[in-house]
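K.L.:
For chain A, the structure is supplied; the task is to place chains B, C, D, E and F on it using the hints.
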Amino acid sequence: MADKNILLIFRNPPFADSSNRDSLDIALACSAFDIPVSLLFLNDAVLQLKSNQQSELLEQKNLLKTFKALAMYEIKNFYVLGSDLQRYQLDPKQLVISCETLKQTEVAILIRKFTTVINL
Amino acid sequence: MADKNILLIFRNPPFADSSNRDSLDIALACSAFDIPVSLLFLNDAVLQLKSNQQSELLEQKNLLKTFKALAMYEIKNFYVLGSDLQRYQLDPKQLVISCETLKQTEVAILIRKFTTVINL
Amino acid sequence: MIFSILLYASNSSQQSEQTALRFSRSLLQQGHSIYRVFFYGDSVINASGLKVTPRDEINITEQWLELATEHEVDIVVCIAAAVRRGIIDQKEAKRHSKAAASLAPGFTLSGLGQLADAVLQSDRLITFGN
Amino acid sequence: MIFSILLYASNSSQQSEQTALRFSRSLLQQGHSIYRVFFYGDSVINASGLKVTPRDEINITEQWLELATEHEVDIVVCIAAAVRRGIIDQKEAKRHSKAAASLAPGFTLSGLGQLADAVLQSDRLITFGN
Amino acid sequence: MIKAASHETLHIINKSPGDILLYQNCFSSLLAGDAVLFIESAVYAAIDDNFQSVLDLAANDIPFFTLQDDLIARGLNNNLNLRFKAIEDNYFVELCCLYKKSISWF
Amino acid sequence: MIKAASHETLHIINKSPGDILLYQNCFSSLLAGDAVLFIESAVYAAIDDNFQSVLDLAANDIPFFTLQDDLIARGLNNNLNLRFKAIEDNYFVELCCLYKKSISWF
Chain A
434 MADKNILLIF RNPPFADSSN RDSLDIALAC SAFDIPVSLL FLNDAVLQLK SNQQSELLEQ
494 KNLLKTFKAL AMYEIKNFYV LGSDLQRYQL DPKQLVISCE TLKQTEVAIL IRKFTTVINL
Chain B
434 MADKNILLIF RNPPFADSSN RDSLDIALAC SAFDIPVSLL FLNDAVLQLK SNQQSELLEQ
494 KNLLKTFKAL AMYEIKNFYV LGSDLQRYQL DPKQLVISCE TLKQTEVAIL IRKFTTVINL
Chain C
2 MIFSILLYAS NSSQQSEQTA LRFSRSLLQQ GHSIYRVFFY GDSVINASGL KVTPRDEINI
62 TEQWLELATE HEVDIVVCIA AAVRRGIIDQ KEAKRHSKAA ASLAPGFTLS GLGQLADAVL
122 QSDRLITFGN
Chain D
2 MIFSILLYAS NSSQQSEQTA LRFSRSLLQQ GHSIYRVFFY GDSVINASGL KVTPRDEINI
62 TEQWLELATE HEVDIVVCIA AAVRRGIIDQ KEAKRHSKAA ASLAPGFTLS GLGQLADAVL
122 QSDRLITFGN
Chain E
45 MIKAASHETL HIINKSPGDI LLYQNCFSSL LAGDAVLFIE SAVYAAIDDN FQSVLDLAAN
105 DIPFFTLQDD LIARGLNNNL NLRFKAIEDN YFVELCCLYK KSISWF
Chain F
45 MIKAASHETL HIINKSPGDI LLYQNCFSSL LAGDAVLFIE SAVYAAIDDN FQSVLDLAAN
105 DIPFFTLQDD LIARGLNNNL NLRFKAIEDN YFVELCCLYK KSISWF
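Sequences listed follow chains A, B, C, D, E and F, in order. Just remember that this note's numbering sits 433 ahead of the position in the first sequence, which is counted from 1. Just remember that this note's numbering sits 433 ahead of the position in the second sequence, which is counted from 1. Just remember that this note's numbering sits 1 ahead of the position in the third sequence, which is counted from 1. Just remember that this note's numbering sits 1 ahead of the position in the fourth sequence, which is counted from 1. Just remember that this note's numbering sits 44 ahead of the position in the fifth sequence, which is counted from 1. Just remember that this note's numbering sits 44 ahead of the position in the sixth sequence, which is counted from 1.
Hint data in this document are derived by calculation from the structure and do not stem from the laboratory. Mixed in with the good hints there might be a few duds.
Computed cross-link-like contacts, DSS-like style, restricted to lysine-lysine with a CA-CA straight-line distance of at most 27 Å [unchecked claim]:
no.	chain 1	residue 1	chain 2	residue 2
1	F	K145	A	K546
2	B	K546	E	K145
3	E	K145	B	K536
4	A	K437	F	K145
5	F	K129	B	K483
6	B	K509	E	K144
7	D	K92	C	K92
8	A	K509	A	K526
9	A	K509	F	K144
10	F	K144	A	K546
11	E	K129	A	K483
12	B	K437	E	K144
If we strip away everything but chain A, and leave its shape as in the complex, we get (with noise of 0.2 Å):
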């Protein structure tokens, strides 16, 4: 079997379902397999990385704490899309990860480094 690398697609915004959630635990289980791991946001799921959110107002646990403590499990590479942040008048500094950002037409060059993409 050839090495394997793997790519998670999130693409919703925070709260609205469990999708953020399960590719996040996915990532973990990946890299405890010694999998590289890359995370890719597009659409809404960029505004789950912003900062000063305030979860508990609506009795629901953000994944902020999560995100930030990928890096201790190796998790590092993470892209956001231009079009996305100017969308949501998001500057990457209001970000609680540090992500690299694309062009819509580096996705598709991006995808296809990896050998393994999921995108719940």
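P.N.:
Frame of chain A; chains B, C, D, E and F shown alone:
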């Protein structure tokens, strides 16, 4: 309590989720309680009314029989959008129930006529 | 005013349930009343007595039960939606020869007639779904 | 080739499960193999032993079990996703002081490591969701 | 003198503005006298730069409300579109009383 | 002479073309060597008159496949967009073998 009437809005294609079946069951229950029921089909929902479906290929139940039986429960007001028919190349004659075709602007006027709207 | 609440979550996110709870508490505080809360579709999973909520999350099932007890709110779970998702009471377990029941105590399984009745008896029906 | 299947239904529609079954049967017929089927997210509801399928519908749970038995396919249900939705085996029932188990016999609860392992051991991972 | 419109339908929408079709459906269903309440992920509409084109479907006399707690929970405090009026949960209840019926778009 | 592209990523999409954002995401992720397989509700794309604008995002050399059984189950037999090639379930498996990996868009 003023007299009630109810509009059920369908928006999803056949088989995709349980919302169409669930809305239909509400229609039957309301009719049994003598609440006048009307059905509005938006977007992909009109596709479930298409004749010649062969859902047995998917080992799924289709709802065509139930739609055809609605008249027996005095449910006779069905509305579809001309733009949705056109989009999917459908002729009103291809639909298993006789529907009134509305223009987009007539939807808002229709909605106003009901005391209750359920939109699953 | 008399409200009824229709819960229709299409996935296991608890967001729409939590909004519905916030709304329900607020309306009761303002002196309005709830005739019925009706669990439909995938929302019936929230009436499971077997699910385990992680310690750092809110137990929605308990919150609905507390609200129901404190304010004598009628809470009904659609029997057809529940049975096909494995949420059954003792009676349904027996009828279908299942080994156990799974409905949380305090919830009642009943038919869609209860929703139609809620439409008739309430001034407002508010749907919370996703 | 060696396949693994990831099931991730976000609602109780059985369409994606049925497509996955069609795909799985077809690949087995063609001489390929399935290393693992992994139930994740709301798909775990399909591993409930307490749900009752209406007589005119297909019982997806049984179909997966038949396929697993006939072709010795490893079928794993994500334990975290299952427990929070009330799909528990005897061990989890005991651990969480629940009155009964609900997992259908033939299914196994296990962790996400089983999915990571499937990624490593399979030539292809195909996701079916909705 | 313009007669004040009666309070007719409260449209409650809860998906992010990325769900273009849902917004088209909702906004096409508005008549004078209606209002729209943006809850949950729909509060992102108030900071969405791409939102103007779909927003134009809703006539200017349709009031837009959004839940204060849902905004704050998502860290949205500034640069909100001025068309949106943030309200507390108890005013959500009041709106439901004031308007004759509600439609939830999700 | 043009070199035949290798078989890279099979994109599997299952929502109706009304889900505009999903189609934009999927089609923006295509490179030469990729293919798109339309299953379940996505087969309606093959009869959708409004589909051309989003379809233009996918370069002409990207093959489009669709499941024969999913078409027939929905009563779709004629007037199909010629870009789509209907295939049997066993060819779905073959595509998954032929292409190095798959991405499911749902």
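K.L.:
If a hint holds in the structure, say so; if it doesn't, say that too.
P.N.:
Each hint tested on the structure:
no. : hint            : result
1   : F:K145 / A:K546 : holds, 11 Å
2   : B:K546 / E:K145 : holds, 11 Å
3   : E:K145 / B:K536 : holds, 23 Å
4   : A:K437 / F:K145 : holds, 11 Å
5   : F:K129 / B:K483 : holds, 22 Å
6   : B:K509 / E:K144 : holds, 25 Å
7   : D:K92 / C:K92   : holds, 25 Å
8   : A:K509 / A:K526 : holds, 16 Å
9   : A:K509 / F:K144 : holds, 25 Å
10  : F:K144 / A:K546 : holds, 11 Å
11  : E:K129 / A:K483 : holds, 22 Å
12  : B:K437 / E:K144 : holds, 12 Å
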